[in-house]
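If you read the protein sequences in the order shown, they are chains A, B, C and D.
Throughout the first sequence, residue numbering follows this note's numbering, covering 1 to 665 in sequence.
Throughout the second sequence, residue numbering follows this note's numbering, covering 1 to 291 in sequence.
Throughout the third sequence, residue numbering follows this note's numbering, covering 1 to 216 in sequence.
Throughout the fourth sequence, residue numbering follows this note's numbering, covering 1 to 163 in sequence.
No lab work stands behind these hints: they were computed from the structure.
Every residue, glycine too, gets a C-beta built ideally from N, C-alpha and C.
Simulated coverage check for chain A against chain D, where a stretch passes if three residues somewhere in it have a Cβ under 8 Å from a Cβ of chain D:
| # | region |
| --- | --- |
| 1 | 87–99 |
| 2 | 112–120 |
| 3 | 596–610 |
| 4 | 657–664 |
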Amino acid sequence: MKIGVFICHCGENISRTVDCPKVAEVCRNFPGVEYSTNYKYMCSDPGQKLIKDAVLENKLDAIVVGSCSPHMHERTFRNAAISAGINPFLVEIANLREQCSWVHDDVEEATQKAIELVRMALEKVKRDKPLTKIKVNVTKRILVIGGGIAGIQAALDVANAGYEVILVEKEPSIGGHMSQLSETFPTLDCSQCILTPRMVEVYQHPKIKLFTYSEVVKVEGFIGNFKATIKKKARHIIDDRCSGCGLCMENCPIKKKAYNSFEENLAFRPAIYTPFPQAVPNIPVIDETICTHYKNGKCGMCVKVCDREAIDFDQEDTMFVADIGAIIVATGFKLYNIEKKSSGSIYKGYGEYGYGKYRDVIDGLQFERIASASGPTSGEIKRPSDGKVPKKIVFIQCVGSRDESKGISYCSKICCMYTAKHAMLYKHKVHDGEAYVFYMDIRAGGKMYEEFVRRAIEEDNVKYIRGRVSRIYEEKGKYIVKGEDTIAGMPVVVDADMVVLASAMIPHDNAPLLARTIGIPYDKYGFYNEAHPKLRPVESTTSGVFLAGACQSPRDIPDTVSMASAAASKAIILFSSDQLEREPVVAKVNEDICQGCFYCKKVCPFGAIEVKDIKDINGIVFKEVAYINQGVCKGCGTCTATCLSKSIELAGFNNEEIFAQIAAL
Amino acid sequence: MNYGYFPGCSQTSSAKEYDLSLRKVFEKLGFGLEELCDWSCCGATSAHATNHKLSNALALRNIVLAGKQGIKNMVAPCAACYNRLITSQHEISMHPERKNETEELLSEKIPADVKVINVLELFFKIGLAKISENRKRDLNGIKAACYYGCLLVRPMNINNFDDAEQPTSMEMIAEAAGATTIDWNYKLECCGAAHSIVRKDIVLNLSKKIIDDAVLNGANVIITACPMCHTNLDMRQRAMKRKYPEHLMIPVLYITELVGLAMGMNVKDLGIDLHYVNFNYDEYIAEKLIA
Amino acid sequence: MGAYVNKDAKKLQPSFVSANLLTDTLPENNHTPFQKNNSDIPEEIRNRTFQDVSLCYQCGKCSAGCPVRYYMDIAPNKIVRLIQLGFYDEALKSSTPWICAGCLTCSVRCPKEFNLAGFMDAVREIAVKKKVKVKEKDILKFHKAFLNQIKRYGRLYEIGLVGEYKMKTLDLLSDVETAPGLFLKGKLGLLPDKVKDRKSIKKIFKKTDKKKINKH
Amino acid sequence: MDKEKWEPKIAAFVCNWCTYTGADLAGTSRIKYPSNTKLIRVMCSGSVDPVFILKAFERGADGVLVSGCHPNDCHYNAGNFHARRRWDFFHKLLDFIGIEKERLQFSWISASEGKKFADVISKITKDIKSLGPFKAYKQMNSEFTVNFPEYNESSNSINKELQ
Ligand SMILES: Cc1cc2nc3c(=O)[nH]c(=O)nc-3n(C[C@H](O)[C@H](O)[C@H](O)COP(=O)(O)OP(=O)(O)OC[C@H]3O[C@@H](n4cnc5c(N)ncnc54)[C@H](O)[C@@H]3O)c2cc1C
Ligand SMILES: Cc1cc2nc3c(=O)[nH]c(=O)nc-3n(C[C@H](O)[C@H](O)[C@H](O)COP(=O)(O)OP(=O)(O)OC[C@H]3O[C@@H](n4cnc5c(N)ncnc54)[C@H](O)[C@@H]3O)c2cc1C
Ligand code: SF4
Ligand code: SF4
Ligand code: SF4
Ligand code: SF4
Ligand code: SF4
Ligand code: SF4
Ligand code: SF4
Ligand code: SF4
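One chain only, chain A, in its complex shape:
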């Protein structure tokens, strides 16, 4: 192997403390060195030309550059090598500036170290293997999981860029929590008015395939090449026959056996139902657990009234497999339930607030439904217990949130705002009512947010009391709310007619399960982790899987929508070329010596390692070995250090290369 050594002065930056000509001179005598020189600015055009000419002239196979940090100009010199016909991975840099001339004063000492650094690089380059960038094909179709505002926005953005979208929603309709909201802060515009058009757009978009009442049950593959299995649960309605006339629902005799979860259990729904009138798609679902047909084969009222013959009691769950190139996870959140949880749960529930015993102690979403014009009270504020208009209402913030004793240390970020909104809506509707808010801090950082909260206090005369409530109990039809105003230092007791708890936003119970299905990390609560909290906020650490909305942490609609569009554009960037290029620094298993212990599989942070069967000529499996998926591996090398039989090598950093550097030390 013929190696060329190029020592750069970096103006005087290196040559001030390192005797560059001497280094070049000494190195010329090292074994394998064919050519050695020094120059004022190696990275300049003449410098690069110097390298290229030397390579061609001396028929060099590899080069070592003694210059600044590889983080600075590795790419420059690799490109120079390419133009001279050398594989770019046969270029090594000795860091003579940042890690030598700039950090030592003594010329002799620095020169000596420089020589040693070049020697190490030389030993490494001798063992370097030519590598080529890995290319992966990209399937230009995206899977969006979750049909809340996050999923809707992301799906529309990707689809409008011209790519196919598969949107999977587990409920019978898309819309998520936003469809339940009455009006939205800070502008108080009607949630359904701004959401419904987008839901319809999704439904009608030629590039979007919508799977409602469906779940993703399996994901295989890697960036650009995922394969997802989707389970479409049986609705017992033949989709393309149903016209959404609603006759079946009207006529179903089972009216009061199940709570309507869209109405947050404040109303009932029939056995055949759509979650809400504007549902998309507007196709009902039969709830097998309460439908008479499934109990005793009788009834069949719905079949009788459906003139489209859309009802099919025998329909079964169906599975679909789809090839996709990227995934956006947008599964949203749920609310902390103050009811006591089973002992296994980290969430402890609020015994002091009655563990959900009192019917007029409700949560924020229930209040949204009560305040919604399309809700169970047609927008009139009434108590769930007796339908009376509450004259005194108490809102309590940070319920569940910021309460380590109940399992959560974080702030839910949106409840300060929606509580101010609730108090305002209440005051707008009940003019002679009194509204109290117990808070710890007001977190209203956002455009027009602080002004919004102040408006509640100054214009709508909502009484804010700083302090947490200790207890709620019922006495003579009133809810006694015991608090303390910590600013005045005085106990405060309110005999309220209704209490609204701003409960924490927490992940869905099945969020960790979905994370494991896809292979993305999540925190101790079940929120999905971003690759970097500041610089890669919408990417998961798994390449090709992006995050949007409240599945990552509590957020409001503006943040959710920005994230969704950001995630969509990340996916669009991925789809902008037919093939992905990746650095070839990946690990590879030597199948002959792999023992099949799979310790490597356990430690790989990216799940890149799979089990591979080795078969004999008869096709009989005689051993299992590790197999590293080059599309997934990120080249950290953790597996190489773990493997006891030394069967894994990391390209560009293999043991031989490192040992050689050690030996040259």
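Using the hints, position chains B, C and D with the ligands against chain A.
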């Protein structure tokens, strides 16, 4: 299995009837209790309020004795004693330095395997079925407000035999004994406890609120499992009556007395006649309140 | 910064300003928080409760649920705040720790799992040790009388307690409606119930005493 | 060897993302430190095989430093945790064999901690200097045989070349 019994100071004087009824009931249920020999005061509020080393040492001296007598399970019927004993045990189990300090004070090793339980737990150990089986009398005239007081089910990170905010174990026992129980709001509110002598005003006020809530929710008897609660709720009712003439007197029974009644023992045997507010079993059948 | 130093500063003095700017205008009682770090009080509280006062984020839930809140001069959460800020005298002088009944309501409900009841014990103990003039001195006298009974007999001798307490407070008549009643019902033993091994009890008292309680 | 003149050799295995960049920052900030330590860049501290360390000692290093990103900052999420765990074990092993613990050090240095990098290097150099040259491994090597698969040959040849 024999259980150790740590009576606590009140049990020998102002709460004699608690001691009496407890011994009788468990004897009849065929459950042996072995009194801890030479037990001493747990230190109660006064010790932990002013000197934590003293309070740990006084409480744990009894654990040392229990260890020496081979007692593995010990019932402490007074809620305050119970709380002191388990709190001290918990503290030394979590913090070895505190353990060493106390062992040095006592010049003894403190055993780690003595489990202290309260009376409610003891009933559950025996099994509620056993109570129902031994029922001889109908208590269905009794509408009981089960009063836990502040110390019995707190703090929950040490002891979680029952919920710290909405406990139900006493209700379950009372119902097993055939009484009806009511749902009410003050079952965990503090009665003022140790302020009984010095700040009678506080105790009077707090106890009055507790009693009023029980009455408001339809109770005709209050059940307790703590001598301090009993003193404050029972003994202070005369003063309440003087201060608030409209005050309705309501008898306060120990849970052991209630179970004893169900098992057919009579008022005198159980020491119920020692209470301030009279309890006349026959009148309960007629559902009349005793004024 | 000259604008801060004016003649009226004494009257208008806010309590949260930097001390070195205003040394000559500060009232005698220095109100600059976090300055009295030379005190061992936070350390003592930590040793005793195994918790740092900085845990408390001043939500007020403890005070909101405290059954004896109305009898206290300062809310329980504010006692924690005063200690956090370094205003020890104000905290130790307060009636609050003495009125606290140790009911644990605050401790079980605290969102930060701060054991406020244990903290109150610690504050009381420190107040006694530092010979602070306790506002609720009768409560302290009661505790002393109580402990004296135990020291003497190993168990509580209720008549002795009431007697000793009454002697200490010279409040001889107030319990008339109960004590005779107790006699009549035969509940109060006339003689104390004693522990046999009283030596061990005395030893405990001796070792833990350090002149803390009785020489007050 | 003249103890006054003797200068230790120290090998540092550092991760590409944090510590190597931190070392660059020390340079950019012109913070001076002793020149005894040479860096070997790896992708992640999690890929540092104990064999590398033994090998370094065998090849005459007097001290070894392993440094990566802070916990939770790892470019690869968890690599540095593996490194940490492996290192804990390895440290115990060294202790057991009787090699001074200070010969092998571990640290977390982020890309913005140029000063810390210089401090760590200065410290390890000082520590190793006070321990003196490391001879134990060579003695030990005759007793234990550490298996370096497929490598002994080529490494020997390097040695020959170098001499
Ligand atoms: C009481 C209340 C009031 C609010 N008021 C406002 C307001 O006024 N203004 C404002 O800006 N924000 C408000 N918000 C916040 C707003 O609701 C959220 O920011 C927004 O709904 C988040 O949207 P999302 O799409 O991320 O999640 P979601 O709305 O929760 O949607 C997630 C969707 O994913 C589906 N899904 C979940 N798991 C799966 C799975 N495994 N497979 C398939 N699908 C799945 C769910 O069914 C759901 O449809 C309020 C929130 C609450 C609780
Ligand atoms: C004291 C302080 C501490 C902070 N700490 C943190 C922190 O710890 N964590 C965190 O996440 N955030 C922090 N931030 C916030 C963070 O700095 C901002 O979020 C971030 O810098 C915003 O980036 P930007 O690109 O939008 O704006 P900028 O950083 O302001 O960049 C805007 C650029 O546009 C240029 N420019 C302006 N007008 C023109 C023009 N007409 N034509 C051409 N160029 C123009 C400007 O020169 C500038 O370079 C902090 C902010 C402050 C003030
Ligand atoms: S199933 Fe039939 S009746 Fe029901 S909505 Fe559809 S078309 Fe109408
Ligand atoms: S068959 Fe079932 S869904 Fe249809 S009308 Fe009857 S109960 Fe309703
Ligand atoms: S947003 Fe406000 S109410 Fe919600 S947890 Fe944060 S501080 Fe509490
Ligand atoms: S303006 Fe800044 S400092 Fe003030 S509340 Fe908002 S975020 Fe906090
Ligand atoms: S650790 Fe090594 S031997 Fe074990 S399975 Fe992985 S590659 Fe094979
Ligand atoms: S190098 Fe890292 S990412 Fe690649 S397979 Fe090994 S452990 Fe996984
Ligand atoms: S409840 Fe806890 S955190 Fe809140 S003020 Fe009281 S001690 Fe502090
Ligand atoms: S322990 Fe003391 S401070 Fe806490 S709630 Fe009870 S009485 Fe109040």
